[in-house]
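> The lines below spell out each chain.
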Amino acid sequence: NAGVTQTPKFQVLKTGQSMTLQCAQDMNHEYMSWYRQDPGMGLRLIHYSVGAGITDQGEVPNGYNVSRSTTEDFPLRLLSAAPSQTSVYFCASTSPGQANYGYTFGSGTRLTVV
Amino acid sequence: AQSVTQPDIHITVSEGASLELRCNYSYGATPYLFWYVQSPGQGLQLLLKYFSGDTLVQGIKGFEAEFKRSQSSFNLRKPSVHWSDAAEYFCAVGVNNFNKFYFGSGTKLNVKP
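First to last, the sequence lines map onto chains G and R. For the first sequence, position 70 (counting from the first letter as 1) is numbered 70 according to our numbering, and the numbering increases by one without interruption. For the second sequence, position 40 (counting from the first letter as 1) is numbered 1040 according to our numbering, and the numbering increases by one without interruption.
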């Protein structure tokens, strides 16, 4: 099993550009989440989903959109990138029956906005 | 509102010494608590978890944690640290039937030879 796959691993954007961070999992997990990690701030929840067609906002949703058309995929969209969105982004997944084992994390996408 | 506090940003211990990383949480209901470890450039790996029952839980790599409800704490411990334990450690609380995880700000562990 590949687990949680995030692409790309690294990305540099110019201010105002748009892009989509991809996240895919092959474990049939219903729950998926996006976090951003910034120095000294831990991981902060951006958006999360409890199943296909269902998404909700986390702590820091502004500037990001998500959709969940399939169980496997949970892309994160930046519509107009800003330097404040420079961060490392992690996607994670679990299922209700396995949630007590915690989330499985991808290896991250390091995004720089210049 | 729920929150997780890790008061120590950096900790340095000598190899072979004991380790305790502190975690305090704020949550109205029964907490589901986790410790994760992150090696440089990597994702997060689950070390251990607490849901109910025995308040001392064992995890991987020789780590353990003790849940103390009266102190709202879930401190991570290891009797003898190895150089390979150098990493960043995150405490987290799961809420809303695990829809959401809230993380502390992390503690970076350095291990001196």
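No lab work stands behind these hints: they were computed from the structure. One thing to keep in mind: the hints can contain errors.
Said to hold, decoys possible - With a Cα cut of at most 27 Å, we get these calculated DSSO-like pairs of lysine-lysine:
| # | chain 1 | residue 1 | chain 2 | residue 2 |
| --- | --- | --- | --- | --- |
| 1 | R | Lys1100 | R | Lys1068 |
| 2 | G | Lys9 | R | Lys1100 |
| 3 | R | Lys1049 | R | Lys1108 |
| 4 | R | Lys1068 | R | Lys1108 |
| 5 | R | Lys1061 | R | Lys1100 |
| 6 | G | Lys9 | R | Lys1108 |
> Check the hint pairing lysine 1100 (chain R) with lysine 1068 (chain R) against an upper bound of 27 Å on the C-alpha distance.
Roughly 22 Å between the alpha carbons, so the hint for lysine 1100 (chain R) and lysine 1068 (chain R) holds.
> What's the verdict on lysine 1068 (chain R) and lysine 1108 (chain R), does the C-alpha distance respect the 27 Å limit or exceed it?
23 Å, holds
> For lysine 1049 (chain R) and lysine 1108 (chain R), compute the direct alpha-carbon distance and say whether it is at most 27 Å.
Measuring from Cα to Cα gives roughly 20 Å; hence the hint holds.
> Given the proposed pairing of lysine 9 (chain G) with lysine 1108 (chain R), does the C-alpha separation stay at or below 27 Å?
Satisfied, since the Cα-Cα distance of roughly 23 Å is no more than 27 Å.
> Holds or violated: lysine 9 (chain G) and lysine 1100 (chain R), Cα atoms, limit 27 Å.
24 Å, holds
> Between the alpha carbons of lysine 1061 (chain R) and lysine 1100 (chain R), is the straight-line distance 27 Å or under?
Given pair lysine 1061 (chain R), lysine 1100 (chain R) holds - Cα atoms ~26 Å apart, limit 27 Å.
When each numbered hint is compared with the structure, no violation occurs for any of them.
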